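Asker: Go ahead and model the full structure; you've got the sequences and the hints to work with.
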Amino acid sequence: MTEPTDIEDKLARPSVNFNSPRQVLADPALSTAEKTEVLDTLEQDARQLSEAASEGMGGGERSRLHEVLLAKETLEPQPGPWARLAAWLARQFGAPPGPR
1 MTEPTDIEDK LARPSVNFNS PRQVLADPAL STAEKTEVLD TLEQDARQLS EAASEGMGGG
61 ERSRLHEVLL AKETLEPQPG PWARLAAWLA RQFGAPPGPR
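Under our numbering, think of the first position of the sequence shown as 1, with each following residue one higher.
These aren't lab readings, by the way, just hints derived from the structure by calculation. For clarity, every value in this text was computed on a predicted model and none was experimentally measured. Any given hint could turn out to be false.
To be verified - Only pairs whose alpha carbons sit at most 20 Å apart, straight line, appear in this in silico EDC-like list of lysine to aspartate or glutamate:
| no. | residue 1 | residue 2 |
| --- | --- | --- |
| 1 | Lys72 | Glu37 |
| 2 | Lys72 | Asp40 |
| 3 | Lys72 | Asp45 |
| 4 | Lys72 | Asp27 |
| 5 | Lys72 | Glu43 |
| 6 | Lys72 | Glu34 |
Claimed, not checked - For each label pair, taking beta carbons as the anchor points, the in silico distance ranges come out as:
| no. | residue 1 | residue 2 | range |
| --- | --- | --- | --- |
| 7 | Ser20 | Phe93 | 41 to 47 Å |
| 8 | Glu61 | Asp40 | 16 to 22 Å |
| 9 | Leu65 | Val16 | 14 to 20 Å |
| 10 | Gly56 | Arg22 | 27 to 33 Å |
| 11 | Met57 | Gln92 | 41 to 47 Å |
| 12 | Arg22 | Ala53 | 21 to 27 Å |
| 13 | Pro28 | Leu70 | 19 to 25 Å |
All residues carry an ideal CB built from backbone N, CA and C; glycine is no exception.
Answerer: See the structure below:
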């Protein structure tokens, strides 16, 4: 059996390899897709931790859900001004009529 590569290990065990979501963003070895995958895993872990804490089963760890969500936002492409205008118009006046 071969040893996992550094990137494979980061993808498989992000909570062991990263102390914070910011470290994920700063890792030059990971592509944007890989960073998204790592942050998705960290988000799932943080949601499970929050759920366990709300049920009285938490181990005292602080949830990093907010940090993870902020990190994920930085990876998502932001819409340009025309897309923002179109979205605003759709909210104000409804969707334009479709093809007939």
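Asker: When the hints from earlier in the document are held up against this structure, which numbers fail?
Answerer: The structure breaks none of the hints.
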